[in-house]
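**Q** Protein chains in written order, with UniProt numbering: chain Y, 1 to 277; chain Z, 1 to 277; chain R, 1 to 277; chain W, 1 to 277.
None of these hints come from the bench; they were simulated from the model. One or more of the hints may lead you astray.
If chains are identical, the list can't say which one is meant, so a pair holds when it fits in one copy or spans any two.
[Said to hold, decoys possible] No farther apart than 16 Å at their CA atoms in a straight line, the calculated lysine to aspartate or glutamate pairs in the EDC-like style are these:
| # | residue 1 | residue 2 |
| --- | --- | --- |
| 1 | K273 | D235 |
| 2 | K127 | D104 |
| 3 | K148 | E126 |
| 4 | K3 | D265 |
| 5 | K261 | D235 |
| 6 | K273 | D204 |
| 7 | K90 | D104 |
| 8 | K147 | D119 |
| 9 | K11 | D249 |
| 10 | K257 | D235 |
| 11 | K4 | E143 |
| 12 | K4 | D265 |
| 13 | K82 | D12 |
Number of protein chains: 4
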Amino acid sequence: MEKKTLLTHCKDAPGLISKVTNICYKHQLNIIHNNEFVDNTSGHFFMRTELHGYFNDSILLEELDQALPQGASRKLVGANRKRIVIMVTKEAHCLGDILMKSYDGSLNVDIAAVVGNYDTLQSLTEKFDIPYHYISHIGLDREEHEKKMLEVIDQYNADYLVLAKFMRVLTPSFVENYRHKIINIHHSFLPAFIGARPYQQAYDRGVKIIGATAHFVTNDLDEGPIIKQDVIPVDHNFSARDMAQAGRDVEKSVLSKALNKVVNDHVFVMGNKTVIL
Amino acid sequence: MEKKTLLTHCKDAPGLISKVTNICYKHQLNIIHNNEFVDNTSGHFFMRTELHGYFNDSILLEELDQALPQGASRKLVGANRKRIVIMVTKEAHCLGDILMKSYDGSLNVDIAAVVGNYDTLQSLTEKFDIPYHYISHIGLDREEHEKKMLEVIDQYNADYLVLAKFMRVLTPSFVENYRHKIINIHHSFLPAFIGARPYQQAYDRGVKIIGATAHFVTNDLDEGPIIKQDVIPVDHNFSARDMAQAGRDVEKSVLSKALNKVVNDHVFVMGNKTVIL
Amino acid sequence: MEKKTLLTHCKDAPGLISKVTNICYKHQLNIIHNNEFVDNTSGHFFMRTELHGYFNDSILLEELDQALPQGASRKLVGANRKRIVIMVTKEAHCLGDILMKSYDGSLNVDIAAVVGNYDTLQSLTEKFDIPYHYISHIGLDREEHEKKMLEVIDQYNADYLVLAKFMRVLTPSFVENYRHKIINIHHSFLPAFIGARPYQQAYDRGVKIIGATAHFVTNDLDEGPIIKQDVIPVDHNFSARDMAQAGRDVEKSVLSKALNKVVNDHVFVMGNKTVIL
Amino acid sequence: MEKKTLLTHCKDAPGLISKVTNICYKHQLNIIHNNEFVDNTSGHFFMRTELHGYFNDSILLEELDQALPQGASRKLVGANRKRIVIMVTKEAHCLGDILMKSYDGSLNVDIAAVVGNYDTLQSLTEKFDIPYHYISHIGLDREEHEKKMLEVIDQYNADYLVLAKFMRVLTPSFVENYRHKIINIHHSFLPAFIGARPYQQAYDRGVKIIGATAHFVTNDLDEGPIIKQDVIPVDHNFSARDMAQAGRDVEKSVLSKALNKVVNDHVFVMGNKTVIL
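I would like the entire structure built from these sequences, with the hints used as guidance.
**A** Written out as structure tokens, the structure reads:
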């Protein structure tokens, strides 16, 4: 007996829940959890079904294809750990958090490698016996640098790339290579303080709350589908530097919660939004 | 076209989601939301299905009865506002909050009447043109007092009784009369500080968080199924009185959130717990 | 014996805490709470001192003037309730919340009057025996409308004007009349979603958190000093309308928390920020 | 120029803030932050003063001794990192979090050593080049085991012992050795679910929130002064095991926040409570 997750999305139509759960029932698959959502704006249907039993994948998927509307997407995903490659610059907190959570089992990922444009985080990474690739951007133009990184990254065949405070903007062609597979942590509560130095902006504006946003990377800077956001209170006692320091806690917490949802197949992308089932 | 909510619970069995959603599909009812839960400890299945369409209630329920296991419970509930009777003593904050939220439409209830063992809250209630019954307990034993209150309450045919800081313990026979229909707000984060003067207990213990708990009333004092809990931070600056004052905000917020779930038919009782779908 | 609060702010200098507390000590005033803050960016000092004892205001203030640097501001404020005038349009939730909290004593204000550009909230206001002035803007230009409102408002001699979902922009001259005395609730987590229809903007962006901001009104639209912010989580299930509905709870909570700080003399304005002691 | 923190507590008396800040002023010490608290129940005064300047410790303390009431406690603490020894059993999450935060600088501690009654966490500890002492309790009575541990621990001359999920009860004599210097993380929102298996208790009770409590260890089991508490929401979907898993996040967060307050000298013990300035 195995556990698998069926991910279905398509144009909405009558009877979709009934049709899909019927097929699972005929296959004697037990539904552990089922969540569905219809987006009334776009008329789109999304369903996530956790199943337990003996799977005949190809027959199951074929029957689903016949039952679902034209153009439907359905995917049957096993329970194995997702492979990720992490990209970093110099800050340790998000990388350290993912390393530790992968180590202690609270985050369901295998870290295939870490790629950094500085060597600052090499020794931290290697403590956990994970290969670190130091690929400096110095003296390279953006395309050359990315080409060198992709040569390394591509070989790991990762399910997701995680930008754990990678402080460089990626080119459209890099992003296209890993469409909806790159997860970034942005150090502000988007869409407030888009762009550089968000903590300084927050300090200057005198806000009483700061936050962080984990999102899929698209080619609209800071505009990709948001997966998770969270905030913490601040007050007049916080300098911009204190805000940045306090923000680190919320950054790593938001990133690891977003990752947790993504790698356990809870997240659908719908235009510039996410549906999390 | 109408909106109704189908509430199903029964012993778990294969294919329940499929069977119920099939019947809805055949009735050309559109599923707006569907949530289900299987409690693995007790092997019980719960499902809440929001439907939209033309209803033939009796045929629908008959078909469900045939499809569901022996002893299943299924109920089809319309979207009309629930009627509540509120019981109070002297404190205004929870009553005031429900009065205002019923008035401005943010809480989906009709307040049929308020019953108080003091007249303190009479003028507040009557501002909103709601009958207030002042039934003093003075000079009466508990049974006599409850008998007088029940004579009044029963005539309103309420869906739920809400104890909005009603500071007297109800007898088992009163509670049995309104089984799983009495909602109480307890001024602590249960099971911490069971019993009297919880804020004094919290102060004496030096806790850093206080809370409130909304629960169905059963005959185990402070032990009924919990619907909603929430907390707020406190610190050494708070006297017991400050805690009580701060606690009022969380009490009323928790009570109205619990009510909101109950009156919109999201809450199942399962033994001494709730399942909220 | 009385309770008063001393509010001091001035350019920072050595020994300010010592000097002020010394003077209080010599006056045999007991310090109940003392909070102070130095803003390192501007080099400004702020202190709030809650005092208990027999006050000789004029001598105390004179001694403080001699001890403090040139240009210092010091104010001794009694414990009496502040008078507010509330301005509204059509939405009941913020007004209702303030009415109820003033009624039950949890907000330390006297509501002198409510002024609305519609009559929607007249009956709610009058339940609490508070005068309601319906001053329609229809057929008037902005200046004419404000002139009519100011004629009414000015006569109440209010400590603060509270914009409890007053949906019109005030002119600079109106704002200047009540400099740092107008408190607004903005229905977004500023600076995200500045301007109109923030909930629709939030929906379109697919955010996972929405919020509200209470701030002093200045002549930079949505840019006045922020007093309080808070947020609530939302998800893909929320339509723009659901967000607006859910947002009402956080709007009224943020507004009343901000008011609570302001009317109890905890809030200093420092440029476009607040210092809350 | 140095930064030091002055910690004062004594019986309350008139003019204490004035007297202490006067002395600092005469020493030309700049007050960066000053917080004070008077406990009205016990009549006790507490003050924490962050100072910057050139210190003559012995003269400063002598002058304070003359100014303060008989029996006053005053302590001048430098800004150096505190030394801690961590005691563990088998669970990695709290230890891992402290190791990482010490490594990346977000927690101001030096970890002198880790002592475990299993060897499970040895390799994790040694990744960070910190000595791990595996001292099994098997075959030893409680006193013998503690004696062996103390032989190791004592040599490190630690400022604090941190029980990072050390799952054994300490004897009174061990606790007396490190009075108010042992910090424990308890896996429940005390005083709810005192004792063993709190997550199972929480599951059985059907609570909607679980929490964790960091406290100083005294000889009343689970009754020491609480430093920090926090909670997370749970619902019917959580098994006891899911609650324990979710609880780990809040356990480590609460423990590290408590440690942060303690090692930066913000925490006073007052009977069975803490005052955090």
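**Q** Would you mind marking each hint as holding or not holding in the structure?
**A** To see whether the hints hold, each was checked on the structure:
1. Taking CA atoms no more than 16 Å apart as the test, K273 paired with D235 passes between copies only; the shortest distance there is 10 Å, against 31 Å inside one copy.
2. Taking the shortest Cα distances, K127 and D104 sit within 16 Å of each other both inside one copy (14 Å) and across copies (14 Å).
3. Proximity of K148 to E126 under the C-alpha cut-off of 16 Å is found in neither arrangement, the shortest distances being 21 Å within a copy and 34 Å between copies.
4. In this homomeric assembly, K3 and D265 come within 16 Å of each other (Cα to Cα) only inside a single copy, at 13 Å, whereas the closest approach across copies is 32 Å.
5. Only between protomers do K261 and D235 lie at most 16 Å apart by alpha-carbon distance; the minimum there is 14 Å, versus 31 Å within a single protomer.
6. With identical chains, the CA atoms of K273 and D204 are at most 16 Å apart between copies only, with a shortest distance of 8 Å across copies and 29 Å within one.
7. In this homomeric assembly, K90 and D104 come within 16 Å of each other (Cα to Cα) only across copies, at 11 Å, whereas the closest approach inside a single copy is 23 Å.
8. Proximity of K147 to D119 under the C-alpha cut-off of 16 Å is found in neither arrangement, the shortest distances being 18 Å within a copy and 44 Å between copies.
9. In this assembly of identical chains, K11 and D249 lie within 16 Å of each other by CA distance neither inside one copy nor across copies; the values are 40 Å within and 34 Å between.
10. For the homomeric pair K257 and D235, the shortest alpha-carbon distance between copies (15 Å) is at most 16 Å, but the shortest distance inside one copy (25 Å) is not.
11. Taking identical chains as interchangeable, the C-alpha atoms of K4 and E143 are never at most 16 Å apart, the minima being 39 Å within one chain and 51 Å between chains.
12. Within a single copy, K4 and D265 get their C-alpha atoms as close as 10 Å, which meets the 16 Å cut-off; across copies the closest is 32 Å, which misses it.
13. In this homomeric assembly, K82 and D12 never come within 16 Å of each other (Cα to Cα): the closest approach is 30 Å inside a single copy and 32 Å across copies.
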